[in-house]
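Protein sequences, first through last, are from chains A and B.
Numbering-wise (this note's numbering), the first sequence opens with residue 9 and increments by one.
Numbering-wise (this note's numbering), the second sequence opens with residue 9 and increments by one.
I should point out that these hints are in silico values taken from the structure, not numbers from a laboratory.
Yeah, the Cβ is synthetic: ideal placement off N, Cα and C, and Gly gets one too.
Possibly wrong hints are sitting among the right ones.
Said to hold, decoys possible - With the Cβ distance kept under 8 Å, some of the chain A side facing chain B (calculated, not the full set):
{"#": "1", "residue": "G99"}
{"#": "2", "residue": "Q133"}
{"#": "3", "residue": "L141"}
{"#": "4", "residue": "Q146"}
{"#": "5", "residue": "G160"}
{"#": "6", "residue": "T193"}
{"#": "7", "residue": "M196"}
{"#": "8", "residue": "G197"}
{"#": "9", "residue": "W339"}
{"#": "10", "residue": "D365"}
{"#": "11", "residue": "E372"}
{"#": "12", "residue": "L389"}
{"#": "13", "residue": "E390"}
{"#": "14", "residue": "G431"}
{"#": "15", "residue": "S433"}
Letter by letter, the chains look like this.
There are 2 protein chains.
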Amino acid sequence: MREWTSTVGAGQLARLLGPQGGAAAGRRGPAYRALADGIRTLVLEGRLPVAARLPAERELAAALAVSRTTVATAFESLRADGFLRSRRGSGSWTAVPAGRALPARGLEPLPPEAGGTTIDLGCAQLAAPEPWLTRAFQAALVALPQAARTHGDFPAGLPALRAALADRYTERGVPTMPEQIMITTGAMGAVGAICRMFVPGGERVAVEQPSYANVLQLFREAGARLVPVPMGEGLSGWDLSAWRHVLGEASPRLAYVIADFHNPTGALADDERRRGMVAAARASGTVLIADETMTDLALDAAPGGRPRPVAAFDHGGSTVITVGSASKSFWAGLRIGWVRAAPEVIRRLVAARAYADLGSPVMEQLAVAWLLTEGGWSAALEERRAELRGHRADVVAALRERLPEWEFAVPSGGMTLWVRTGGLSGSRVAEVGERLGVRVASGPRFGVEGAFEGYVRVPFIVGGPVAEEAAARLAAAAGLVAGGAVGAGLATPAGYIS
Amino acid sequence: MREWTSTVGAGQLARLLGPQGGAAAGRRGPAYRALADGIRTLVLEGRLPVAARLPAERELAAALAVSRTTVATAFESLRADGFLRSRRGSGSWTAVPAGRALPARGLEPLPPEAGGTTIDLGCAQLAAPEPWLTRAFQAALVALPQAARTHGDFPAGLPALRAALADRYTERGVPTMPEQIMITTGAMGAVGAICRMFVPGGERVAVEQPSYANVLQLFREAGARLVPVPMGEGLSGWDLSAWRHVLGEASPRLAYVIADFHNPTGALADDERRRGMVAAARASGTVLIADETMTDLALDAAPGGRPRPVAAFDHGGSTVITVGSASKSFWAGLRIGWVRAAPEVIRRLVAARAYADLGSPVMEQLAVAWLLTEGGWSAALEERRAELRGHRADVVAALRERLPEWEFAVPSGGMTLWVRTGGLSGSRVAEVGERLGVRVASGPRFGVEGAFEGYVRVPFIVGGPVAEEAAARLAAAAGLVAGGAVGAGLATPAGYIS
Chain A
9 MREWTSTVGA
19 GQLARLLGPQ
29 GGAAAGRRGP
39 AYRALADGIR
49 TLVLEGRLPV
59 AARLPAEREL
69 AAALAVSRTT
79 VATAFESLRA
89 DGFLRSRRGS
99 GSWTAVPAGR
109 ALPARGLEPL
119 PPEAGGTTID
129 LGCAQLAAPE
139 PWLTRAFQAA
149 LVALPQAART
159 HGDFPAGLPA
169 LRAALADRYT
179 ERGVPTMPEQ
189 IMITTGAMGA
199 VGAICRMFVP
209 GGERVAVEQP
219 SYANVLQLFR
229 EAGARLVPVP
239 MGEGLSGWDL
249 SAWRHVLGEA
259 SPRLAYVIAD
269 FHNPTGALAD
279 DERRRGMVAA
289 ARASGTVLIA
299 DETMTDLALD
309 AAPGGRPRPV
319 AAFDHGGSTV
329 ITVGSASKSF
339 WAGLRIGWVR
349 AAPEVIRRLV
359 AARAYADLGS
369 PVMEQLAVAW
379 LLTEGGWSAA
389 LEERRAELRG
399 HRADVVAALR
409 ERLPEWEFAV
419 PSGGMTLWVR
429 TGGLSGSRVA
439 EVGERLGVRV
449 ASGPRFGVEG
459 AFEGYVRVPF
469 IVGGPVAEEA
479 AARLAAAAGL
489 VAGGAVGAGL
499 ATPAGYIS
Chain B
9 MREWTSTVGA
19 GQLARLLGPQ
29 GGAAAGRRGP
39 AYRALADGIR
49 TLVLEGRLPV
59 AARLPAEREL
69 AAALAVSRTT
79 VATAFESLRA
89 DGFLRSRRGS
99 GSWTAVPAGR
109 ALPARGLEPL
119 PPEAGGTTID
129 LGCAQLAAPE
139 PWLTRAFQAA
149 LVALPQAART
159 HGDFPAGLPA
169 LRAALADRYT
179 ERGVPTMPEQ
189 IMITTGAMGA
199 VGAICRMFVP
209 GGERVAVEQP
219 SYANVLQLFR
229 EAGARLVPVP
239 MGEGLSGWDL
249 SAWRHVLGEA
259 SPRLAYVIAD
269 FHNPTGALAD
279 DERRRGMVAA
289 ARASGTVLIA
299 DETMTDLALD
309 AAPGGRPRPV
319 AAFDHGGSTV
329 ITVGSASKSF
339 WAGLRIGWVR
349 AAPEVIRRLV
359 AARAYADLGS
369 PVMEQLAVAW
379 LLTEGGWSAA
389 LEERRAELRG
399 HRADVVAALR
409 ERLPEWEFAV
419 PSGGMTLWVR
429 TGGLSGSRVA
439 EVGERLGVRV
449 ASGPRFGVEG
459 AFEGYVRVPF
469 IVGGPVAEEA
479 AARLAAAAGL
489 VAGGAVGAGL
499 ATPAGYIS
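Given the sequences, and given the hints that come with them, work out the whole structure.
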């Protein structure tokens, strides 16, 4: 079996390396080292996937206007460091050194009661929007007696909620019948059910690089072979030619895409990219999971209007499966998510549910149905968005003040900043931050095979003095990591207060 | 690799075949045929597992006091029918013919709204116990505002519910700390989480034969290799020597046992068997899952007192993992279950949850915590048990009147009758019953590899005229199946009323 899963052309690599062929501005030293460093950085930041075959030395030398010796020496240096592997006749492909920290696990939420004085930015979650949560359950209590007369098992979900969600999709321009909706245990339950159905044994799954950590881990646990497609720098997002290339070459069974305020980068795909990705998926026989968990969290006015839902570009109706959730739009404590798909896919998912979680809680479904049909959802969202705008401004200002060397783009929606930690290891920053009373998720959790060591994800879910304190603690962690003074001497600050 | 997974001794097989060596009472015909029929019946009813190596012909002849030719001819006949496979040097082992209906899928609950006039005995579920459900959610609403101020992600469960459940185990004689409890999405979510942790790739799992259909299917989907351990006839239940034998020989990673009002048979394991199964599991390094879903449903007074929880016999604390649920005790619409295990097992299960369902709904947990601590659980259970006693009497009487040739034992608790359909195919009865407006689960769903074709499961969840009507429809289905008059001529009775 070949050991590379995608290829990168000479022109494409030259563009990725930038005008200086990978050399940082003002950098001095031999040309081969600049090139080797540039390629290594692209791999570690996930912009060049792991197991991507590089162009031949001669081709790359021509594209970069350097000597072939420079390229050969750079490749040799990358091989020695474990960032490149080669085999006669197969060429050379990117790799990650064996000892390098891999993105081991998903994000394990810190239980609120264990929080103490820790500022928990590990999860991108907010408190519930009141009084809407209470009102929703008051209304659900009124509807409960009727549901209580049934045995309570609704494997596809309560009819009222399925209908309310179908109407919402129809309003958003994607005509939908209730038979196209299944209620799940959050978006994770939805992705899990789709994964069990389409990835029974080691199939390929294309994912954005970076992508949502817990879903990456869910796919890994299911035995999927992840094929990363690099996201562009900052908020530039999806590279259509890379998606066409990877889908065409790897023909993955599934592709998982967060086109609306991508987690962690915050990028938003425009209509053209949505259309292009759906077309590429259709052409390669790939089922495209569109995770719309963040879709309600548009924080800035969009001059040209919001892009259409990914499913709107799926004219046959059999390429896109949409996943939604109340967790980010409303509250994670509800655990209500859903799938929108073709009726026959829903039927299969519902049948398979008998030996998974059987169904979703009735009371929660009544509450969400009320929110959707009686206006509570929109009203709560208005407040939520205003809250997030404030938090975003506060977190951005605090980070810029305390950590001016950290770089990030400010997204127009969602809940997260994807932050370059100025050359520091994001894993070490997260590790030390945990001990200093601030929890953030390190970059590698969002990457495939060790990428993004130089990143952390910072959700803007706190504001005011808490945002300032979080940035101060992160700055303290960064200082310790930069100084290398981290080790046995640092006590775990169980009762840390600052 | 060897093709048999357990062995049966000559004496054990002779006992299973009974005094007449397998011949039905009053049966005439050659001795070899009686023996072949006896073995076939044992396989189809699951009392002899599939892939069990039979004793050598000479040994079995001696134990049955028949000629070796009789045994050889019986084996030859079983081989011809596909119920036995042999290989020189490996002996002969039981099998199921290829064309035989296998227990394909789990029990897919019929959504209540689709019920129409169908009497749904497919799921062993009851309507919610009111006013307790409403009261529990009223109380939960009072507690909600405090929880609403958190982000709502409690991967291990709400502290109040973990503590209430720990106290309950302690009261039942199994001292338990809250750190030993994780809240899950029903008992299925609990078994699924345990399965993902202990059966990552094709490990063996010992199961009762028969066992709960949906859990069998969950294990199959996870790639487990099921090793069935036959239950005794009627309510006689667990054969300790068979358990010791199978666990000792197959050393399965997990064993799954429903010791309290077993689903589907209704059997109840006594203390001696519980102690013996735990000891056997410890000896073979097997983790024993004790599913206590039915434990609250003791309907008859136990003269010698109730057996102790299975976990009470696990002195090291690392052999037994207990699974519980509100689904049968209270209402399936809640979707709250739990795991009780050693703290380190709980920690691992909680960490893994980040890439499964993340957590359980807060409101449901508040409701169950109130029920457990404020007496609602016990009060509702009293009513539930009284209701089930009445239903049990009605269903038993109706079946005996309408289907006197169907045989079953009346269990002292739980919700189900395990019914021998008088020589008819349980799958056909279920199929025709569905069209006649009564849904029951066929026997093979509860078995491994095609066993229990001659059974259906009938939950006693209806009473009075509904129970009578259900029995009448089942009798009509049985009549059609017996007459062989089932086929294209029978219209699907969409609006069937009788």
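Taking the hints in turn, this is what the structure says about them:
| no. | hint | result |
| --- | --- | --- |
| 1 | G99 | violated, 33 Å |
| 2 | Q133 | holds, 4 Å |
| 3 | L141 | holds, 5 Å |
| 4 | Q146 | holds, 7 Å |
| 5 | G160 | holds, 3 Å |
| 6 | T193 | holds, 4 Å |
| 7 | M196 | holds, 5 Å |
| 8 | G197 | holds, 5 Å |
| 9 | W339 | holds, 5 Å |
| 10 | D365 | holds, 4 Å |
| 11 | E372 | holds, 5 Å |
| 12 | L389 | violated, 16 Å |
| 13 | E390 | violated, 18 Å |
| 14 | G431 | violated, 29 Å |
| 15 | S433 | violated, 22 Å |
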